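Student: Those sequence lines, one after another, are chains P and W.
Each residue of the first sequence is one higher than the one before, counting from 1 in the working numbering.
Each residue of the second sequence is one higher than the one before, counting from 173 in the working numbering.
Any given hint could be a false lead.
Chain P stretches covered by chain W per the calculated footprint, using a threshold of three residues with CB under 8 Å from any CB of chain W [to be verified]:
1. 83-92
2. 121-134
3. 145-154
4. 161-171
Taking lysine-lysine and the DSS-like style, the derived pairs with C-alpha atoms no more than 27 Å apart in a straight line are [claimed, not checked]:
5. W:Lys374 <-> P:Lys123
6. W:Lys237 <-> P:Lys131
7. P:Lys123 <-> W:Lys377
8. P:Lys131 <-> W:Lys377
So the derived list for chain W, only partly shown, Cβ under 8 Å to chain P, looks like this [stated by the list, open to error]:
9. Ile189
10. Val191
11. Ala196
12. Ala210
13. Leu213
14. Gln271
15. Arg298
16. Leu308
Treat the hints as calculated values from the structure; they're not laboratory data.
Please read these numbers as outputs of a predicted model, since none were measured by experiment.
A virtual CB, placed ideally from N, CA and C, is assigned to each residue, including glycine.
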Amino acid sequence: MQKGKRRNNDYTQIIVIGLLALLAFLLQTTSLLPLRIGNANPVLLLPLLVAVCCFYGEWYGLILGLILGIAEDGVANSICFHTILFLLLGLICGALSSYVLNKNLSASVFLSFGASLVYFVIKWLWFFVLKGYAGVGVYFLNTILPSALYTALWIFPFYAFFRWLSRRRRGA
Amino acid sequence: MRFFFRSKQFKVSVIVISVILVLALATRLIGGMISPQANLLGAIAAPFQRAATSISNFFKDFGTKLQGADELMLENASLQEEVNRLTSDLLGYQEALEQNEFFKEYLEIKESNQDFQFEPAMLISRDSEDPFGSFLINKGSRNGVAAYDPVITSEGLVGYITEVGLTYSKVTTILSPELSAGGFDRRTQDAGVVSGTLELAKEKKTRLYNLARTCSVSVGDYVVTSGGGVFPEGLLIGTVETIEQEAYNSSLFATIAPAADLNDLRDVMVITYFSGQGTADTSGE
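Sequences and hints are given; from them, build the entire structure.
Tutor: Now the structure itself:
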C-alpha cells in the first residue's frame, strides 16, 4: 500500500515537472508574457532544471536536462549543442546538490548562477566568438551577462514552488 | 556517487543518449532537417506554442481596438441584436474575411511572378536568445515546405527556411550573418551581397556590402534580390539608410532597413517553388 502510494506520488511529481517545463518553454519561446528587460532575455528552462536537480537529485537532472536540451535544439539553430549542455548541467548540478552541497536556498542560488554563467559563456563562445562575428565583446557586456544574471534570478520562484510541493508531499 | 556511475540504469542511459546524439548528428550531416527527437518534441509543443502566440496576438489587437472604443460602442449597441442571431455565421465569415485580406496582399506579388507557389504560414515561436530573430513557423515538410525556401511577407523578404520538420520549420532572417544573398540597388543597378552583423542586428538592420567605390547608391534607394539560387529575382529586401566605407578595404557598404517588420511578424508566406530555384551557398563570410 505504501509502495503504491509512493509510486503514485512519483508519477504526480513527474507530471507536475512536465507541465511546469512546458509552461516555461512556452513563456520563453512565445510572446505570451513580456519577460524581456532591455537586452536581457531569460532562459527559464535553466533555473527550472537547477531547481529540479536540487530537490530530486542527479537522475531527474539527467533526464530532464536531456529533454529540455532536445526542446531547445528544436527551437534554436544548433546541432545537439543544448542537448549536451543541458544534460551535463543537469547531471553536475544534481550530483553537486546530492553529494556536496546542502539542500537549501543558498546552494540553489549558487548552482543557478553558476549554471547560468557557464551556459551563456559557452553559448557566446560557440555561436559568436568562434564564428568570428564583429562586436562580440560589446554583445557579451550588453546582452550575454545581463541575460545570464536575469536567468539565474528565476531560481527563486522555482525553488519556492518545489519547496511548497515537497512540504505538501511530506504532509500528505 | 561511484555507485551511480556504475549502476545499470546509468549505463542504459548512456546508450540511449548516445543513440539520440548520433541521430541528431546524422540528421544535421544530411542537412536541412530537424532531428527525429526534436521533431517529436516539436510536434507536441507546436500546438501549444501556436495557442500561446494566438493569445498574445489577441491581447495586442485588443489594445489597438480600445483606441476606437467610442465609435465601436455606439455601433455595437445597434448591432447587438443582430450579432446574437448571426453569431455562428459571423465566426465563419470573419475567418474567411481574414484569409481573404491576407491573400489579397500577396496577389500583387503572384501577378508579377506567375511561377511562384506559396504556402501561408504563421509564426509560432521565436528563439529568444538569437539576436538575429530566427523563428519557427507552423508548416513543415508535409505542407510542401523544404530547406532554403524563401520566406516573405507582403512588405518584403524575411529570410529563408533553414531546417524542416514534419509540422514546423525554422526560419533564419535577413539580419543573420549566416545568410548571404545577392542584392542590387533597383535604381542604380549596383550589386552587392546582403548579410547581417551582430551590431546591426540589434537595430534590426542588415547591410549590403562589397559595393564598388564608384557606385551611386543613395539613401532611400530600394534594394532587391538579384536572383539565382535560393532567392528569386526582385524580392524587396529594404531601403538604404546609410552608406559607409568598410573598415578593412576600400569597398563600401550600405545599411539597410528591412522592408518587412521583423519585430511584429505574425503571418508569412513561404515560396515553395519558383522557376530557377536552386540551393546556393548561404553561409556567411
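Student: Are the hints correct? Go through all of them and say.
Tutor: Here is what the structure says about each hint:
1. Using a Cβ-Cβ cut-off of 8 Å, 3 residues of the region 83-92 of chain P lie near chain W, which meets the minimum of three, so the contact claim holds.
2. With 5 residues carrying a beta carbon less than 8 Å from a beta carbon of chain W, the region 121-134 of chain P meets the three-residue requirement, and the given coverage holds.
3. Here the region 145-154 of chain P counts 1 residues with a CB under 8 Å from a CB of chain W, which misses the bar of 3, and the coverage is violated.
4. For the region 161-171 of chain P, the proposed coverage by chain W is not satisfied: 0 residues have a C-beta within less than 8 Å of a C-beta in that chain, short of the threshold of three.
5. Distance check on the hinted pair: lysine 374 of chain W and lysine 123 of chain P sit about 18 Å apart at the alpha-carbon level, within 27 Å; holds.
6. Annotation: proposed proximity of lysine 237 of chain W to lysine 131 of chain P is violated, straight-line Cα distance about 45 Å (limit 27 Å).
7. In summary, the hint linking lysine 123 of chain P to lysine 377 of chain W is supported, as the alpha carbons are separated by about 23 Å, within the 27 Å threshold.
8. Taken as a hint, the lysine 131 of chain P and lysine 377 of chain W pair is honoured in the structure, with Cα atoms around 20 Å apart against an allowance of 27 Å.
9. At about 6 Å, the closest approach between the beta carbon of isoleucine 189 of chain W and any beta carbon in chain P falls short of 8 Å, and the interface hint on this residue holds.
10. Of the supplied interface hints, the one on valine 191 of chain W is violated, with its beta-carbon coming no nearer than about 12 Å to a beta-carbon of chain P, more than 8 Å.
11. Evaluation of the alanine 196 of chain W hint against chain P yields a held restraint, the C-beta minimum of about 4 Å falling below 8 Å.
12. The interface hint given for alanine 210 of chain W holds, since its Cβ lies 4 Å from the closest Cβ of chain P, which is under the 8 Å cut-off.
13. Using the Cβ-Cβ criterion of 8 Å, the hint placing leucine 213 of chain W at the interface with chain P is satisfied: the shortest such distance is roughly 5 Å.
14. Below 8 Å, beta-carbon pairs count as interface contacts, and glutamine 271 of chain W has none with chain P, the closest being about 22 Å; its hint is therefore violated.
15. Taking 8 Å as the C-beta contact cut-off toward chain P, the hint placing arginine 298 of chain W at the interface holds, the least distance being around 6 Å.
16. Annotation: leucine 308 of chain W was flagged as interfacial toward chain P, and the flag holds, the nearest CB pair being 6 Å apart, inside 8 Å.
Violated hints for the displayed structure, listed by number in ascending order: 3, 4, 6, 10 and 14.
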